[in-house]
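Number of protein chains: 4
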Amino acid sequence: MARKSGPERREHGSDRRKQILAIAAKLFATHGYSSTTVRDIADEAGILSGSLYHHFASKEAIAREVLLTFLESLVAQYEEIVAADDDVRTTVENLVRVSFAAIQDQTDSVGLYQNEALFLQTQPGFEFIGEKSARIEAIWLEQLRRGQDQGSLRETLDLPTLYRFIRDSLWSSVRWYHPGGRHTADTLSATFLDLIRHGILAD
Amino acid sequence: MARKSGPERREHGSDRRKQILAIAAKLFATHGYSSTTVRDIADEAGILSGSLYHHFASKEAIAREVLLTFLESLVAQYEEIVAADDDVRTTVENLVRVSFAAIQDQTDSVGLYQNEALFLQTQPGFEFIGEKSARIEAIWLEQLRRGQDQGSLRETLDLPTLYRFIRDSLWSSVRWYHPGGRHTADTLSATFLDLIRHGILAD
Amino acid sequence: MARKSGPERREHGSDRRKQILAIAAKLFATHGYSSTTVRDIADEAGILSGSLYHHFASKEAIAREVLLTFLESLVAQYEEIVAADDDVRTTVENLVRVSFAAIQDQTDSVGLYQNEALFLQTQPGFEFIGEKSARIEAIWLEQLRRGQDQGSLRETLDLPTLYRFIRDSLWSSVRWYHPGGRHTADTLSATFLDLIRHGILAD
Amino acid sequence: MARKSGPERREHGSDRRKQILAIAAKLFATHGYSSTTVRDIADEAGILSGSLYHHFASKEAIAREVLLTFLESLVAQYEEIVAADDDVRTTVENLVRVSFAAIQDQTDSVGLYQNEALFLQTQPGFEFIGEKSARIEAIWLEQLRRGQDQGSLRETLDLPTLYRFIRDSLWSSVRWYHPGGRHTADTLSATFLDLIRHGILAD
DNA sequence: GATGAATGAGTGTTCATTCAT
DNA sequence: AATGAATGAACACTCATTCAT
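Protein chains in written order, with this note's numbering: chain A, 1 to 203; chain B, 204 to 406; chain C, 407 to 609; chain D, 610 to 812.
Be careful, since some hints might not be right.
With a Cα cut of at most 30 Å, we get these calculated DSSO-like pairs of lysine-lysine [stated by the list, open to error]:
(1) K229(B) <-> K335(B)
(2) K221(B) <-> K26(A)
(3) K132(A) <-> K59(A)
(4) K59(A) <-> K335(B)
(5) K741(D) <-> K432(C)
Rather than coming from a laboratory, the hints here were simulated on the basis of the structure.
With these hints in hand, go ahead and build the complete structure from the sequences.
Shown next, in the form of structure tokens:
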């Protein structure tokens, strides 16, 4: 039956909220959104599942907040980089760098984005995913085109396809990159940039 | 030859079975394994959900069969290519080609693999995913090392990391590549090979 | 998350369905719609609550079917009576008679209607309640006006108000009339008709 | 006079209490007791649901107080009328008049009584509903019998049944009578009295 | 007098699965 | 091969209530 919803739900970012968001992000990223139950989240937070609803309106709202926070911060960083108006080489380098930094510092948010965005995008209330993703793509394509225009990028490259390959290999690394091993976000950025710039062939 | 009485659940690939597997693969790939219900599958097959259990032992068994069929055929193709003992350039070219062909011809199986393998891998009965993936990785690394050994690949490349970038960008294309557009599996292969060989910089 | 709903739900009026509808009607009528849980209904039917959903899409759907069935049958009877084109006295007598017969024979449906219609009417999917009620009111008003026109009813009567008093006293009797006591549906009809016709004063 | 320490929960009718009682009565009457949540009440009062418990011991206690206040005031008025020892005609007229006045002035309390008394009556702590209702019925029956005894009411009338018809049509009007339309409590009283006295037939 | 966080039981509903027919 | 009815556990969510602050 149709229910109205009053207030009684915190909006301000209390510590408890942030803690729950972090827990949920981790579970969503590792077990999948659908497979993660609100009881899983509540258990990990040390409260009962019903108590989650004191902080969030729904399971969807939790995922929404995780993704929105991540995408907004990423887009903000991207736009700051673009606004600096550096040369293409520097700009792309910075885009790559903040991306790997996000993978390192917001692993679970990126994991959720990488694994579930396609599905969540189709759900009402998650339209922002498509919008932010489009903004990100536009920024990348703009730089790649600028590079092509000024002759530093090969003319024959199909930019939309190129972007997709770059995007997928970059962000998919969230699935296998774990800090503390051979790589840091910085060395990964360098490796990645070297690879897409010069390819794998000798000479 | 002695014919033992068959199992309760048919193993022989009847048309109905194949049809259901195809339906399930499509739903698993597009809506996710957890989000797809056996009723969704049965609805699309025009039967009641309970009737599915005449053909398959469980929902997991359906996913298992889809993935196993795909991975076995892919590994078989990979091993045939390696067995041909061509030069590295040709071998890698063939590995890429059959991969994009699989993406084109077995889109849903690849989609399921790409989206859910990480999760399913942890479930009992799905150990083969890890095994087949390891075999695929071994084949690729073997070729990359061979290329490095004979001087056609840059010495400084970190091969495990390189492999991951190649793998992720290649297989992720199942999410955006739709036959009938700018690309075919063949042109995508060519574009991809060109990109990873020479990178994006001019000169 | 938005769910699609396939078939897998019986529509044809099986015995089980009818039995469940009767149980639900009784519980709705006696304990109230909101206070009756699907588990209450299932318990009385001797099944688990989840099994109810093999027969009905929702708790609302059960209430809807009970009310719709009752209102459609009542309106059909009313319209048959009107179609007979008897004189006002006979027509009104018949309207009263079938109403008390419904109270006797479909006590629980009438009880649900009497106690919860006002609330349910506001819920989506229950618009038919208002429509049927309006049809019933129109039929009554038509007869009352006919009576007034031909002089058998007092001219000074405010018909809409009169109708409401008649309607409320008639249908409210579902709350206290229990067959097997002093009254039958027929004697109640007679008592009621006598009362509204002649009032309570002597002479 | 010795002042004992008050109970934890205030009993004295503070403004806040009265305001909350009015809000609750309105919600109970319009949405039903079970369907109204304490949060609904708190929202409307501009406080959090937990804060209600500073004023009332429970949701039931709120409904109890609304109903008890109404029933006590009604019975008091009824008894005052009876105590005046007027003739039957005047007494009944006064009973009707104060009833419609209550419907007009305490609409929500009457609405709660009319819609939920049957259900609440069965709950522990609400036994007073049955008691007060019995007192009301006794007063009415006493007057009706007095009327019959002195010959002003028809002898053939079945008084208990008559009472129920009168009671139901009278109090049910809370569902449709809204001040400001064609009727006031006074004209409704007159209309009602005229109807039950003389019936609907001409002559 | 009110808040904010939580409880614990319960609500309608879903879903993989079973099985007699 | 399929149906129709059911299970049993789980699910997201609600709600009256408590209580330290």
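How the hints compare with the structure:
| no. | hint | in the structure |
| --- | --- | --- |
| 1 | K229(B) <-> K335(B) | holds (22 Å) |
| 2 | K221(B) <-> K26(A) | violated (37 Å) |
| 3 | K132(A) <-> K59(A) | holds (21 Å) |
| 4 | K59(A) <-> K335(B) | violated (35 Å) |
| 5 | K741(D) <-> K432(C) | holds (27 Å) |
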